[in-house]
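Asker: Those protein sequence lines, which keep their order, are chains A and Z.
Take the first sequence: its position 3, counted from the start at 1, is 3 in this note's numbering, and no numbers get skipped.
Take the second sequence: its position 8, counted from the start at 1, is 175 in this note's numbering, and no numbers get skipped.
Derived from the structure by calculation, the hints contain no laboratory data.
Ideal placement from N, C-alpha and C gives every residue a C-beta, glycine not left out.
Any given hint might turn out to be false.
Some but not every residue of chain A turned toward chain Z, in silico, with C-beta under 10 Å [said to hold, decoys possible]: (1) A64; (2) N78; (3) G108; (4) P141; (5) L144.
Residues of chain A placed beyond 10 Å of chain Z at every Cβ, according to the derived structure [claimed, not checked]: (6) G23; (7) G25; (8) I44; (9) Q56; (10) A86; (11) S126; (12) N163.
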Amino acid sequence: MLTAEPTNPSEFLGSPENNAIGGAGEQLRAKVHEGLRATLGNSIFWAETLLRNKAQITLRSLAALRSNWDSYGAPTPNTTAIENAARILEHMTLSDLALARIVPSAEGGVGFCFSKDDRYADIESSNEGGIIGVRYIGMQPPALIEIDGTEAAIEAALKEIRNHLRA
Amino acid sequence: MPERPERMRRNGRPEDGSFKLNEKLFRRYTQSHYINGQFSNTGFSFNTPPSVSREKYSQAADVLFSEADEFANWGVLSFRVEDLPRSFPPEVPQYAFWPKHRPLEDNYAHSEVWCDRIPETGEYVKPSSSIRKLFRALLSQRVVVEIAAAI
């Protein structure tokens, strides 16, 4: 039989209940609960899992956008754009996930946007199947991030963005 | 129902192809494309000529006007005519961008940002994806918020 998986660390503990042990049991439960929360709460793995799940939910919500969502005729991100966006997501690290804003593209597609101080970069997955990015600092001329769609190129683009934001 | 400002009506007025370089062009936006105070180019599209409203015949708030009040809490941004390069990219010019007055009966200020190849074809030419990306980024660097979006 299928059962719902816990989605939050505290759910692994089950629900509190009274028994013959009484207060000592409750204290032990609270201590274990706190320990588990601290362990999982500080876990990079757990943090990355939560952010990745959140990003996947955002992607699904973009696929459900109505067309003309920007009031200027923007199309809904199509399956091609969403699938390529999911591939980009797979290459993202915890820090990428923490910084990225996932937005619909007015040209049709999905954008992963990063900004830190006066530095900006993005990767855009289009409805036409292309993946392209750009980066710039303040008012300096923007530089293209060319991506041929391969896993290696996506990885290289994200590395370029990390370096750009870090510099 | 809100009443359309009289200045928005065409009332038989002709097309006016004359734009000053410092004239503002207005456009609606929502917060989703503002990333840490920077407007993302993903909020612009040049698949077809994007619609704008020209300052000479309108006010920023006019682009939020709707009888059904569907743009309550949206914001308005602007860029200027001088932000549209007549030759782009600068190193190897391939395209020209400029505003075109395209008045509508209920929105006289309606205009579009046009693009043509160099040398010109007389038609709207959708730039290549890399030129579009660069130009959208360039334009996003220059936008100014006229009315802040609340959504």
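Asker: Checking against the hints above, which ones are violated?
Answerer: Numbers 1, 2 and 11 - these are the hints that the structure violates, sorted from lowest upward.
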